[in-house]
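**Q** As a plain string of letters, each chain reads:
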Amino acid sequence: MFEIATEPIEPAACRRALAADAVGAFVAFEGWVRDHNGGRAVTLLEYEAYAVLAVSEGERILAEAAERFEVEAVHAVHRTGRLAVGDLAVWVGVTAAHRAPAFEACRYVIDEVKARVPIWKREHYADGASGWVDGATGAPGPSTGGPSTGGPSTDGEPPASPGPSSARPR
Amino acid sequence: MDKRVDIHHFGPFRDARGCSDEAVSTKVATPRELYAELGLEAAFPLSGLRVAVNDAFAAWDALLADGDRVVFVAPSSGG
Numbered sequence: 031m032f033e034i035a036t037e038p039i040e041p042a043a044c045r046r047a048l049a050a051d052a053v054g055a056f057v058a059f060e061g062w063v064r065d066h067n068g069g070r071a072v073t074l075l076e077y078e079a080y081a082v083l084a085v086s087e088g089e090r091i092l093a094e095a096a097e098r099f100e101v102e103a104v105h106a107v108h109r110t111g112r113l114a115v116g117d118l119a120v121w122v123g124v125t126a127a128h129r130a131p132a133f134e135a136c137r138y139v140i141d142e143v144k145a146r147v148p149i150w151k152r153e154h155y156a157d158g159a160s161g162w163v164d165g166a167t168g169a170p171g172p173s174t175g176g177p178s179t180g181g182p183s184t185d186g187e188p189p190a191s192p193g194p195s196s197a198r199p200r
Numbered sequence: 048m049d050k051r052v053d054i055h056h057f058g059p060f061r062d063a064r065g066c067s068d069e070a071v072s073t074k075v076a077t078p079r080e081l082y083a084e085l086g087l088e089a090a091f092p093l094s095g096l097r098v099a100v101n102d103a104f105a106a107w108d109a110l111l112a113d114g115d116r117v118v119f120v121a122p123s124s125g126g
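Residue numbers (the working numbering), protein chains in the order written: chain A, 31 to 200; chain B, 48 to 126.
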């Protein structure tokens, strides 16, 4: 199941929901809000989702993962709203009989979610500026309220290469 | 013949347009033409964008119908 959450994600509850006797491996990814990006001090993130389409596209991604990898279950949750540094923005959990497909599916899901699910992030900086992150480049668009420089501020991963899906590099 | 199209804007598009919702009466046939008609390409080049019609991703050259709901989807920056 893919969910959009307006309240804090509870990883322990998400994990417990995936437990099953046939499962020998559990892999989870957590995307946290960090305090810096591109040389700028980040104080806050705001996430906004086109919720109906985010859920349907997220469900599609999870179904693809279940088709491509030998997994037992896949679950993902993405926050919307205002998040402080240290908050959990996205959680992906995968269970499988064995660890290799669990790792592979987890990586696939987070890469595809970041590329395809219609969610947008606005960064707020310590200098008072804020701006929408450009999903195509990872850099902030025009910012307001202060100097404008900088880039994305969550997991810092380099843009994913286009894979077998419609994922776009970021 | 004119058709009514309801456009909802999220995030950067909302900031650019200054509103969340627009109802337009238009003769254009496709989302691509609608995008051009709104003059958005200067601020947001079409390349890399997607479009949703009635809450599903659509082709830029899909035919619009009267009453359709359109969202221009900026590249995702979630995660």
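It is possible that part of the hints are untrue.
To be verified - Reference listing, derived: stretches of chain A covered by chain B, where coverage requires no fewer than 3 residues with Cβ under 8 angstroms from a Cβ of chain B:
| no. | segment |
| --- | --- |
| 1 | 126-139 |
| 2 | 142-148 |
| 3 | 153-167 |
Hints are computed from structural coordinates only; laboratory data are not their basis.
Idealized CB from N, CA, C, for every residue including glycine.
**Q** Each hint: holds or not?
**A** Here is what the structure says about each hint:
With 0 residues having a beta carbon nearer than 8 angstroms to a beta carbon of chain B, the segment 126-139 of chain A misses the requirement of three or more and the stated coverage is violated. Counting residues of the segment 142-148 of chain A whose CB lies closer than 8 angstroms to any CB of chain B gives 6, so the stated coverage by that chain holds, three being the minimum. Requiring three or more residues with a Cβ within less than 8 angstroms of a Cβ of chain B, the coverage given for the segment 153-167 of chain A holds, as 5 such residues are present.
Hint compliance for this structure: hint 1 alone is broken.
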